[in-house]
Amino acid sequence: MSREAILAAVRAHQAEAAPLPAIPAFGAGAHTELVARFKTVLEQVGGAWVERRAGSDLAAIIRSHYPDTARIVSTVDEPPDSTFVVTEETAPGDLVEVHLAIVRGRLGVAENAAVWVDDEHLPHRALPFVAEHLVLLLAPNDLMPDMHAAYAALAGRPFGYGAFISGPSKTADIEQSLVIGAQGPRSLLLVFDRGDSSRPMHGTLG
Amino acid sequence: MNPTTHADAAATFVRDAERTAWHDQALWFVRQRRDLAAHAVPEWEALRDLASAIKRHTVSHLADYLEEFEQRATRNGVVVHWARDAAEHNGIVLGILRARGVRRLVKSKSMLTEECRLNPFLEQHGVEVVETDLGERIVQLADEEPSHIVMPAIHRKKEEVAALFHRTIGARDDPDPAYLTEAARHHLRGALVAADAAITGVNFAVAETGAMVVCTNEGNADLGAHLAPLHIACMGLDKVIPRTEHLGVFLRLLARSATGQPVTAYTSHYVAPRPGAELHVVIVDNGRTEQLGRPDFRESLHCIRCGACLNTCPVYRRSGGHSYGVTVAGPIGAVLAPGFDLAAHALLPFASTLCGSCADVCPVKIDIPRQLYRWRQLAVAGGHVSRRKRLGMRLLGATLAHVSRYERAGRLVRRLLRSAPRLLNRPRLNPWSRGRELPVAPAESFREWYRRERGSR
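As you go down the protein sequences, you meet chains A and B in turn.
Residue numbers for the first sequence, in this note's numbering: 1 to 206.
Residue numbers for the second sequence, in this note's numbering: 1 to 457.
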C-alpha cells in the first residue's frame, strides 16, 4: 500500500532529530495603539471601518453605507433583519444572489487587519465569500496584536471551518494592477461596536 | 532526453528588450513591496530563524507528523489518501470524481496538481476543469503553464489578456484590468455555481488538529470548496507542520515575502467537511522522500512556495518563468527540478549568478545558492553537461589554482584583447561575449603595477 511505502521511505530518509524551538512572546503594544494600527492596515488592504456609538442603530449604518441593498443576510440578533434566508441547504445558485452579509468576527488582528470568522457564526460557510459586500462586526476588546496572540486566543475553540478575512477580495494577476473585488466581496466594512460586548450572537465561546 | 536549455529559451525571451525590461520591473516592484512589509516587522529576522528551525524539526520527524495529521483529519471526517507519484495522485482524484459522477470541476491554484499534470489527465477522461484563480484561468485559456508560482500570468500583458478574454469568454477587447477582472468574475461565478466538485491546494497542514490551511486573495478557493458537494485538497507531504501555533510564524512570513501584503485576504482553515458534503485530502510524495534522503538538498523541502526567490532573482526576472521548462521556476525550482530528474534538468542550476539574493529573502532561510552549486558539481560529475563546458571549467580550474598560471593567462588575455579583440568577442568561442563586449584591457595587471612601483614584493 502506498501509505506504508511512503511512511517507510520517509522514516528511512529523514534526518537526525532536530529540536522544536519555542515561540517567544513578541512585543504587544498598548490597546489604543492596536485599534489605530488595525484601522490603518484595514484601509491599506482596501477595507473601510466605522465606529458605532453605544446604543446607535446598526441598520442606520448599513443604510448609509449600502443604500440600495435589497438582499441582506444578517447573522446578528438586531436590525437590519435578513431579507433573504440562507441555511445549510441553500443552493449555490441562490447563495450567489446574496448582496450583503453581516457577520460577527470572533477576533481581529492588528498587524494585518485580519478578522476571524468561523462556522459557529455562519448559516452557510460560503456566505462571507458569495456576498457582494461583507460587513463584519468586531468589538475592539477582541483585537489581538499579532497572529501569535490570535491563534493563542483561538486555542481550544472547536470549528469545522474558519478563516481570517483581511479586507475585500482582490487580485493583482493582470500586470500587478490591484483590483478590489475579484471573486468574493467587492467591499468590506468593519463595524467596531463598542456598545456590544465581545460575545458572539450565536453559539458559545470555546 | 536533452537537458533543459534554459539559456536557449531565455535567448528567445530576451529578444524583445522592452518586454524583458517590463517583466524585470514588474517583479522588482514586488520585491520592493516585500522589503517594505518585512522591514515593518521588528522581529522579522527572528521569525525567519524560527520558521527555519520549525521546518528543520518537522522534516526530521516527518513520518510522525504525517501520521498524526492523518489520524486527526480522519477523526474530523476527512478522507485521507496517499499517492507515491503523480500517476497515482491523478488516479485517486479521478477515482473520487468518477464514483460521484463529477462532470464539472473547479480548481483553485495548486502547484502540486500542475506538477502532476492533473488537468490534462482529467480532461482526457471527460472531466471539465475550470481554474478559478484569475492568473491560473488566464494561462489555462491561453493553453500555457503558469510562469510564476504565485503570479501565474505575470508574463502576460493586459492587452494580451484582453484579446484572450475577447476570444474565449466573450468579453469586449478592453485592456483595463478592472474590466477584465469583472469579466472573469462573471465568467467564473457561472462555473463555481455549476461545479460538482472543487480541488484546492494546501499551504499548511496542521498535524495537531488535522486542519488544512489555504491562502488566497480572490476568495476563489472558498467559493469552490463551499459551493460544491465535494472538496478534494491536494498536498505534497512537505506541507505538514506540527502545531497551530506554528501557523502564526509561517503566516506572518508568507504573504509579506510573496507580495508584500501583511496577510492574504483569506486564510482559510478546513477542518471538517460541512454537513452533507465530502472532504478528501491526497498526500503526495512524487520524489519528495528521495529529496529528503539527500542531505545536501533536504533543506529544499522547507520551501513554503512564497515566490520571493523568483522575484529577487536577476536571472528569473530577465528570462521569465517559461524558460526554466519546469513547474516551479526560479532559484528554488532549479534546486527542486534536478532532484526529479538530473539528466533532464542538469543545466538549470547554472541559470544563476550565485549572487545569493534568494537566500537573503527566503522566509525559511533555505541556502539556495549552496544547493545550486552542489547540483552543478553533481551535474558535471554525472556527465550531464557538454564536453565544451566540462573542458572549459577544467581549464579555468587549473588556471585559477596556480598563481603563475593565472599570471601567465592574464598576460595572454590582455595581449589578445589588445591585438585581436574580435577573437575573444566571438560568441562561439566565448559564450560570455554573447550580448556584451569584453572590456578594454589595461596595459598591466595590478600585481605588475605593484611590483613596478613598490619593488618585487
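I should point out that these hints are in silico values taken from the structure, not numbers from a laboratory.
You may find that some hints are simply not true.
Claimed, not checked - Taking CB as the label site, the calculated pair distances span:
#1 Ser56/A / Gly77/B: 51 to 57 angstroms
#2 Pro175/B / Arg71/A: 29 to 35 angstroms
#3 Ala15/A / Gly77/B: 51 to 57 angstroms
#4 Asp296/B / Ala152/A: 46 to 52 angstroms
#5 Ser177/A / Asp143/B: 42 to 48 angstroms
#6 Glu160/B / Ala152/A: 44 to 50 angstroms
#7 Glu208/B / Ala15/A: 18 to 24 angstroms
#8 Ala70/A / Pro175/B: 28 to 34 angstroms
#9 Ala155/A / Arg390/B: 54 to 60 angstroms
#10 Thr83/A / Arg19/B: 46 to 52 angstroms
#11 Ser177/A / Glu448/B: 28 to 34 angstroms
#12 Val85/A / Gly101/B: 25 to 31 angstroms
#13 Glu43/B / Ala153/A: 43 to 49 angstroms
#14 Glu128/B / Val85/A: 44 to 50 angstroms
Said to hold, decoys possible - Only some residues are given here: those of chain A computed to face chain B with a beta carbon under 7 angstroms:
#15 Arg3
#16 Ile6
#17 Ala17
#18 Glu88
#19 Ala114
#20 Pro123
#21 Ala126
#22 Phe164
#23 Gly167
#24 Lys170
#25 Thr171
#26 Ile174
#27 Ser187
Said to hold, decoys possible - Among chain A residues calculated to face chain B with C-beta under 10 angstroms, some are:
#28 Ala5
#29 Ala9
#30 Glu16
#31 Pro21
#32 Val41
#33 Trp49
#34 Glu51
#35 Ser56
#36 His65
#37 Asp68
#38 Asn112
#39 His124
#40 Asp146
Built from N, CA and C at the ideal position, the CB exists for glycine as well.
The hints, checked one at a time:
1. Ser56/A / Gly77/B: 51 to 57 angstroms: Once the Cβ atoms are compared, 42 angstroms apart, the range 51 to 57 angstroms for Gly77/B and Ser56/A is violated.
2. Pro175/B / Arg71/A: 29 to 35 angstroms: Cβ of Pro175/B to Cβ of Arg71/A: about 33 angstroms, so the range 29 to 35 angstroms holds.
3. Ala15/A / Gly77/B: 51 to 57 angstroms: Since the Cβ atoms of Ala15/A and Gly77/B sit about 34 angstroms apart, the hinted range of 51 to 57 angstroms is violated.
4. Asp296/B / Ala152/A: 46 to 52 angstroms: Hint violated: Cβ distance 37 angstroms, outside 46 to 52 angstroms.
5. Ser177/A / Asp143/B: 42 to 48 angstroms: violated (24 angstroms)
6. Glu160/B / Ala152/A: 44 to 50 angstroms: Given range 44 to 50 angstroms: holds, Cβ gap about 47 angstroms.
7. Glu208/B / Ala15/A: 18 to 24 angstroms: holds (22 angstroms)
8. Ala70/A / Pro175/B: 28 to 34 angstroms: With Cβ atoms ~33 angstroms apart, the hint holds.
9. Ala155/A / Arg390/B: 54 to 60 angstroms: Roughly 57 angstroms apart at Cβ, these two residues keep to the hinted range, so it holds.
10. Thr83/A / Arg19/B: 46 to 52 angstroms: holds (51 angstroms)
11. Ser177/A / Glu448/B: 28 to 34 angstroms: violated (56 angstroms)
12. Val85/A / Gly101/B: 25 to 31 angstroms: holds (29 angstroms)
13. Glu43/B / Ala153/A: 43 to 49 angstroms: violated (19 angstroms)
14. Glu128/B / Val85/A: 44 to 50 angstroms: violated (31 angstroms)
15. Arg3: holds (4 angstroms)
16. Ile6: holds (5 angstroms)
17. Ala17: Given a least distance of 5 angstroms, the restraint on Ala17/A holds.
18. Glu88: holds (5 angstroms)
19. Ala114: With Cβ-Cβ at 5 angstroms, under 7 angstroms, it holds.
20. Pro123: Nearest chain B Cβ about 11 angstroms off; hint violated.
21. Ala126: holds (4 angstroms)
22. Phe164: For Phe164/A, the interface hint holds, since the closest Cβ of chain B sits about 4 angstroms away, which is under 7 angstroms.
23. Gly167: holds (6 angstroms)
24. Lys170: holds (5 angstroms)
25. Thr171: Because about 5 angstroms separates Thr171/A from the closest Cβ in chain B, which is inside the 7 angstroms limit, the hint holds.
26. Ile174: Since the shortest Cβ distance to chain B is 4 angstroms, the answer is holds.
27. Ser187: Not OK, violated: Ser187/A not within 7 angstroms of chain B, min 12 angstroms.
28. Ala5: Check passed: Cβ of Ala5/A comes within 6 angstroms of chain B, closer than 10 angstroms.
29. Ala9: With a closest approach of 4 angstroms, the Ala9/A hint holds.
30. Glu16: holds (6 angstroms)
31. Pro21: holds (4 angstroms)
32. Val41: holds (6 angstroms)
33. Trp49: violated (16 angstroms)
34. Glu51: Interface hint status for Glu51/A: violated (22 angstroms vs cutoff 10 angstroms).
35. Ser56: Violated - the Cβ of Ser56/A stays beyond 10 angstroms from chain B, reaching only about 29 angstroms at its closest.
36. His65: violated (20 angstroms)
37. Asp68: Violated. Min distance 18 angstroms.
38. Asn112: holds (4 angstroms)
39. His124: holds (7 angstroms)
40. Asp146: This hint holds: Asp146/A lies near chain B, its Cβ roughly 7 angstroms from the closest one there, short of 10 angstroms.
Taken one by one, the earlier hints fail for this structure at numbers 1, 3, 4, 5, 11, 13, 14, 20, 27, 33, 34, 35, 36, 37, listed in ascending order.
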